[in-house]
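Start from the sequences and build out the full structure, keeping to the hints where you can.
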Amino acid sequence: MSAKSVKVDLLTRVEGEGGFHVKIRDQQVQASAVRIFEPPRFFEAFLRGRKFSEAPDITARICGICPVAYQMSACQAVEDAFEVQIDAATRELRRLLYCGEWIESHALHIYLLHAPDFLGYENVIQMAKDHPDAVQRGLRLKKIGNTLMTVVGGREIHPINVKVGGFYRVPEKRQLLDLGDELKWARDTAVETAHWAAGFSFPEFERNYEFVALHHPQEYAIQEGRLVSNRGLDIPISEYEQHFAEDHVQHSNALHSTDLEHGAYFVGPLARFNLNFEFLSPLAQATAKESGLGRECRNPFQGIVVRAVELVYACDEALRIISRYEAPERPFVEVVARVGTGHGCTEAPRGILYHKYRFDEHGLILSAKIVPPTSQNLKTIEEDLTEFVSSRLHLPKDRLQWQCEQAVRNYDPCISCATHSLKVWVDRK
Amino acid sequence: MTISHSNSMLIGVGNPFLSDDGAGLAIVRLLRGQIPPGMKCVEETGDGAELLDAWKGSEYVILIDAIQSGAPPATIYRFDARTESLPAWFSHASTHTFGVAEAIELARHMDELPSKLIVYGIEGLDFSPGTEISPEVAEALPAISRLILREIVKLSAVRMAKSV
Numbered sequence: 052m053s054a055k056s057v058k059v060d061l062l063t064r065v066e067g068e069g070g071f072h073v074k075i076r077d078q079q080v081q082a083s084a085v086r087i088f089e090p091p092r093f094f095e096a097f098l099r100g101r102k103f104s105e106a107p108d109i110t111a112r113i114c115g116i117c118p119v120a121y122q123m124s125a126c127q128a129v130e131d132a133f134e135v136q137i138d139a140a141t142r143e144l145r146r147l148l149y150c151g152e153w154i155e156s157h158a159l160h161i162y163l164l165h166a167p168d169f170l171g172y173e174n175v176i177q178m179a180k181d182h183p184d185a186v187q188r189g190l191r192l193k194k195i196g197n198t199l200m201t202v203v204g205g206r207e208i209h210p211i212n213v214k215v216g217g218f219y220r221v222p223e224k225r226q227l228l229d230l231g232d233e234l235k236w237a238r239d240t241a242v243e244t245a246h247w248a249a250g251f252s253f254p255e256f257e258r259n260y261e262f263v264a265l266h267h268p269q270e271y272a273i274q275e276g277r278l279v280s281n282r283g284l285d286i287p288i289s290e291y292e293q294h295f296a297e298d299h300v301q302h303s304n305a306l307h308s309t310d311l312e313h314g315a316y317f318v319g320p321l322a323r324f325n326l327n328f329e330f331l332s333p334l335a336q337a338t339a340k341e342s343g344l345g346r347e348c349r350n351p352f353q354g355i356v357v358r359a360v361e362l363v364y365a366c367d368e369a370l371r372i373i374s375r376y377e378a379p380e381r382p383f384v385e386v387v388a389r390v391g392t393g394h395g396c397t398e399a400p401r402g403i404l405y406h407k408y409r410f411d412e413h414g415l416i417l418s419a420k421i422v423p424p425t426s427q428n429l430k431t432i433e434e435d436l437t438e439f440v441s442s443r444l445h446l447p448k449d450r451l452q453w454q455c456e457q458a459v460r461n462y463d464p465c466i467s468c469a470t471h472s473l474k475v476w477v478d479r480k
Numbered sequence: 053m054t055i056s057h058s059n060s061m062l063i064g065v066g067n068p069f070l071s072d073d074g075a076g077l078a079i080v081r082l083l084r085g086q087i088p089p090g091m092k093c094v095e096e097t098g099d100g101a102e103l104l105d106a107w108k109g110s111e112y113v114i115l116i117d118a119i120q121s122g123a124p125p126a127t128i129y130r131f132d133a134r135t136e137s138l139p140a141w142f143s144h145a146s147t148h149t150f151g152v153a154e155a156i157e158l159a160r161h162m163d164e165l166p167s168k169l170i171v172y173g174i175e176g177l178d179f180s181p182g183t184e185i186s187p188e189v190a191e192a193l194p195a196i197s198r199l200i201l202r203e204i205v206k207l208s209a210v211r212m213a214k215s216v
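Chain order of the listed sequences is A and B.
Throughout, my numbering is defined as the position within the first sequence, counted from one, plus 51.
Throughout, my numbering is defined as the position within the second sequence, counted from one, plus 52.
Be aware that one or more of the hints could be misleading.
Below 25 Å or equal to it, Euclidean Cα-Cα: the simulated DSS-like pairs (lysine-lysine) are [what the hints assert, rightly or not]:
(1) Lys224(A) to Lys194(A)
(2) Lys168(B) to Lys108(B)
(3) Lys194(A) to Lys92(B)
(4) Lys194(A) to Lys214(B)
(5) Lys214(B) to Lys168(B)
(6) Lys420(A) to Lys58(A)
(7) Lys420(A) to Lys430(A)
(8) Lys92(B) to Lys214(B)
(9) Lys74(A) to Lys430(A)
(10) Lys108(B) to Lys180(A)
(11) Lys420(A) to Lys55(A)
(12) Lys168(B) to Lys180(A)
(13) Lys180(A) to Lys194(A)
(14) Lys235(A) to Lys214(B)
Don't read these hints as lab results, they were simulated from the structure.
Here is the structure:
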């Protein structure tokens, strides 16, 4: 019997600690497991008993790369529970803050984490020897995202200016206009980034995925919308739990989420691109076309190009919001707590991030549920590994391992987000 | 004859909420009023991209970070980053972001290192959540800051001698 395996104990260039193991027996892949051993962090448990106003700042601590996503999903859920209507100008400002996070996160992933795979380097430090200009570009793009987050959010990591109902204070128009030149450079560079990434070589690999993303009738959905998929799903976010469920699997401290009807599903840039292409700005659509992307992309390795297209969009959208910005008359609306349940779902850079809270009459949290994008992609990542390796058993082991790592990084997994919670079962007799 | 210190910088790196991880920040706070006027003084989280940005434009940089090498608490390491790479255990890069050692190597490859970059590592004992520095490390901080101040003064004297 021939036995072989591809095993990576500690996967680098992802956030958090995890690895994977593909088990091969008799020339067949028996199992693929993304092993997540970063300890669980129990956020949902310690949110209980906290005041509604603390949810955005506490949950932001789940991740240093996408804190805005946590703040936005938390605010939306609380505002849903208490039936708070935020001002249109506040909504735009939140979208601008979110654009900053997309720019920062996408630039980081494209240039520092994923590009080394395609260019054949162990890491970005090695890559910088031969491609210093590309690394400089990536760092400058990331910096612009961070600056935008600082101006709108008060600081770049775990912003402090977001509150339920709006912001503590709003920026002046001048402060935002000052970012214009740098954002225009970023937009041009994002187009260049997409062309650059389109020149990489991509393994031929497509699967028939179920893509799930938010959908909004007027815009490329980031902050709100209905949940839709290419298999006919079209639901309000309040029905999320009727369609998706989380399971604990033995090899992972992160839960696995599945679509109860179709099984594994795919969230993130590829899902958004495929489901909401027509809402991308004309420049982003043109960039996609020039970069060789069709109307639909089902090769997860091309996710790096799609991410670059979204980078173009985020810069474009930020410039649009800034050009029309007038400081809201009031930075926030008053929020009155009451008994209720609220749902929030926004598009984190890596895909949909779902929050649900139940509150008592004082606005204290009775229960919380958070489903980050990485938990939703884990099953798809494992299925990708199984299928990918099955058709490449002839490859030398180191080559196969390299491509498997690359296949996991296609999803920009954030293990720290995914281990925010763990259900504990006590087997007692 | 005086020289300008506007192109020199003191950087403290750490997370003040992880006990001894804040040792580098604590030293920078002790030194704030004592460094030559004009010398910049910043506190950083250790995110590599931020560091590259922080020292941009500075020629003389002293960076202080807490480390875990396994040595007794408050052990001091000193590296001249222009001439040597930091040891592997200095790196606590997680992964998604990169840390001090990675930022230095990246800057080296991109020819963006300051002309002088001295890195001090202070061995910590307790890196668990908390805002207090453990007594074993805390009691050594004044002596360590005096040592670093001596280096700053020496660096300044060398530059002055060169400028004459």
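Against the earlier hints, flag every one the structure doesn't satisfy and list their numbers going up. 4, 6, 11, 14
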